[in-house]
Structures are given as C-alpha cells and as structure tokens.
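Produce the complete structure using the sequences and hints provided.
Protein chains in written order, with our numbering: chain L, 536 to 686; chain R, 536 to 686.
Keep in mind that the hints are not guaranteed to be accurate.
Listed next, the in silico DSSO-like pairs over lysine-lysine satisfying Cα-Cα at most 30 Å (straight line) [claimed, not checked]:
1. L:Lys562 with R:Lys666
2. R:Lys686 with R:Lys636
3. R:Lys636 with R:Lys652
4. L:Lys622 with R:Lys568
5. L:Lys562 with L:Lys625
6. L:Lys660 with R:Lys636
7. R:Lys674 with L:Lys568
8. R:Lys568 with L:Lys562
9. L:Lys591 with R:Lys666
10. L:Lys568 with R:Lys666
11. R:Lys568 with L:Lys652
12. L:Lys562 with R:Lys686
13. L:Lys625 with R:Lys568
14. L:Lys568 with R:Lys625
15. L:Lys686 with R:Lys568
16. L:Lys686 with R:Lys636
17. L:Lys568 with R:Lys622
Residues from chain R that keep clear of chain L, each with C-beta distances beyond 10 Å, as calculated [claimed, not checked]:
18. Gln560
19. Ala561
20. Pro563
21. Tyr605
22. Ser620
23. Thr628
24. Ser634
25. Lys636
26. Gly670
27. Gly673
28. His680
29. Asp681
30. Ala685
No wet-lab data here; the hints were simulated from the structure. Note that CB positions come from ideal geometry on N, CA and C, so glycine has one too.
Number of protein chains: 2
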Amino acid sequence: MNRFMTVAVAGAALALGVATEAMAQAKPDVLVKQRQAAMTLIGKYWGPVAGMASGKVPYNADIVARNATYLENLSQMPWDGFHESTKGEKSRTLPEAYSQKAKFDEIAERMQAEIAKLGVVARAKNEAGVKQQFGAVGKTCGACHDGFRAK
Amino acid sequence: MNRFMTVAVAGAALALGVATEAMAQAKPDVLVKQRQAAMTLIGKYWGPVAGMASGKVPYNADIVARNATYLENLSQMPWDGFHESTKGEKSRTLPEAYSQKAKFDEIAERMQAEIAKLGVVARAKNEAGVKQQFGAVGKTCGACHDGFRAK
Chain L
536 MNRFMTVAVA GAALALGVAT EAMAQAKPDV LVKQRQAAMT LIGKYWGPVA GMASGKVPYN
596 ADIVARNATY LENLSQMPWD GFHESTKGEK SRTLPEAYSQ KAKFDEIAER MQAEIAKLGV
656 VARAKNEAGV KQQFGAVGKT CGACHDGFRA K
Chain R
536 MNRFMTVAVA GAALALGVAT EAMAQAKPDV LVKQRQAAMT LIGKYWGPVA GMASGKVPYN
596 ADIVARNATY LENLSQMPWD GFHESTKGEK SRTLPEAYSQ KAKFDEIAER MQAEIAKLGV
656 VARAKNEAGV KQQFGAVGKT CGACHDGFRA K
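Encoded structure:
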C-alpha cells in the first residue's frame with residue numbers, strides 16, 4: 536500500500552447526498568445493505584477507540600488517530616440509506632426513523648459533528664481530549680439506537 | 536451534520552493493522568462480515584465515479600471528490616478481514632487468496648495506491664485526471680476479483 540500520508544478532505548455529505556440521490560436511486564434492499572455495512576464498519580473502528588478511551592485496552596495514539604479518521608468518513612455514509620423506500624425492508628430500524636425523520640436527522644448530524652471533533656483531538660494525539668470526547672460520541676450513538684433501533 | 540470542511544489524514548494502515556490484530560482478534564465470521572461491508576461500500580461510492588468517469592452519467596466534480604475520499608479510506612479497510620482464520624467461512628473468496636497471499640497483498644497494495652492517486656486528482660477537481668486514473672483503479676479491482684473471487 537501507499538506508505539506516504541494522504542490528506543483526505545471530507546464533508547458536505549448531506550448536500551451532496553441529495554445530488555447523489557437524484558442521480559441514481561438504489562433499490563431498497565441495496566440501501567439497507569449499504570447502511571448496515573456502514574454501521575458494521577463503524578462498529579469495527581469504534582470498538583478499539585472505546586476500549587482505549589475507557590482504559591480497558593492499552594492506549595495507542597496511532598490507532599486512535601487512524602480509526603477516528605475512518606469513523607469521520609464512515610459517519611457520513613449510513614444516512615442516505617434510511618430512505619422512505621426502505622420502510623418495508625427487514626431490519627432493526629423502527630418505524631419512528633421514518634415518522635420522526637427530523638429528530639432522526641438531528642441526531643445523525645450531531646453524531647457526525649461529535650465524531651469530527653474526536654477526529655481533531657485524535658489526530659493531534661491528544662489522549663486526554665480523546666478520553667473526554669469519546670463520551671460525547673457514544674451519547675449520540677446511544678440516542679439513535681435507543682430511539683430508532685429494535686432491541 | 537458539520538457544515539465545515541474536515542481535513543482527514545489517513546494512511547499507514549498496513550503497519551497499524553498488525554498492532555490492531557495483536558490487540559483483539561475478531562472471530563472469523565465477524566471478519567468476513569466486516570470485509571464484505573467494506574466491499575459493499577466501495578461498490579456504493581465507486582459506482583457513481585465509474586459512471587461519471589466513463590461518461591455514462593453527467594460529471595459532478597463535488598461528488599467525485601467526496602466519493603474518492605471515501606474510497607481512499609475504504610480501500611484500507613477490507614484487508615485485515617482476509618485472515619487465515621476465515622478460510623473455512625462461507626464467502627466468494629477463493630482458496631488462492633490465502634495460498635497466494637503475497638500476490639493477493641501486492642494487488643491490494645496497488646489498489647490502495649491507485650485510489651490514493653485518484654483522490655488527489657478528484658480533490659483537485661481535475662476531471663481529465665480522474666478520467667485517466669479511473670481505469671488504473673478499475674484494473675486493480677479486476678485483477679483481484681478475477682484471481683481471488685468466485686464468479
């Protein structure tokens with residue numbers, strides 16, 4: 536793989552999402568598969584950060600920085616998958632995700648903002664900052680899972 | 536979501552992968568699920584880039600830049616999922632992915648390098664550069680799928 540550092544600029548996912556949607560609307564089952572894929576990977580890279588930030592696993596600032604950057608990108612990927620057309624698809628998503636869309640979107644936006652802040656302190660190798668910000672991210676994850684995902 | 540642009544630094548995934556592995560080895564079925572999730576999302580964000588670069592879909596430089604950045608991050612995510620322990624798991628991966636690991640890794644590294652180059656021209660809003668680099672990326676995808684994935 537490329538050994539040099541790459542500078543990746545992400546952002547403005549919401550505005551672009553609309554354009555993407557207008558361009559080609561994926562089938563409902565594909566949308567569900569894609570949004571679940573994003574959640575799977577968020578879990579993969581969040582796990583070690585949570586373990587390290589909570590002191591359960593030895594802290595590795597390089598892994599935290601890498602994972603936080605992945606998470607920042609991944610945090611923008613699930614949302615266009617929660618399209619109206621997926622209402623009837625089998626998943627753990629509760630009907631409220633569609634009927635209370637404004638609330639759902641608000642949490643999703645907050646989650647992205649908190650993860651972006653985590654990315655900043657993680658890349659600065661600011662361990663205390665990560666340990667502080669980690670809770671704020673976890674809260675937004677929980678807020679959505681509690682209200683919009685079947686147990 | 537956060538309206539400000541975020542600068543995300545990724546890289547050195549291979550070296551860090553070793554450390555992550557030493558830290559916590561996920562179960563084989565989880566590893567397969569995670570690597571398939573990465574491939575699913577690579578497909579999601581590669582599709583529009585391929586469509587635009589090949590002239591089948593109207594070109595949108597903002598979407599290409601965003602997707603290329605996502606792809607740059609996603610291109611680093613599948614590989615630790617192709618662990619020896621997953622040999623017996625159900626998937627389309629051929630046995631050669633494990634028996635010819637050096638060749639497999641070489642293509643995976645080339646794919647990441649080509650996608651990183653795509654990211655550079657995409658973020659520079661260099662449409663001609665994207666249209667040129669897109670083929671090089673596609674070739675590395677094909678090389679791995681042809682040799683290491685069941686039809």
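Of all the hints numbered above, which does this structure not satisfy? Sort the numbers upward.
6, 9, 16, 19 and 21
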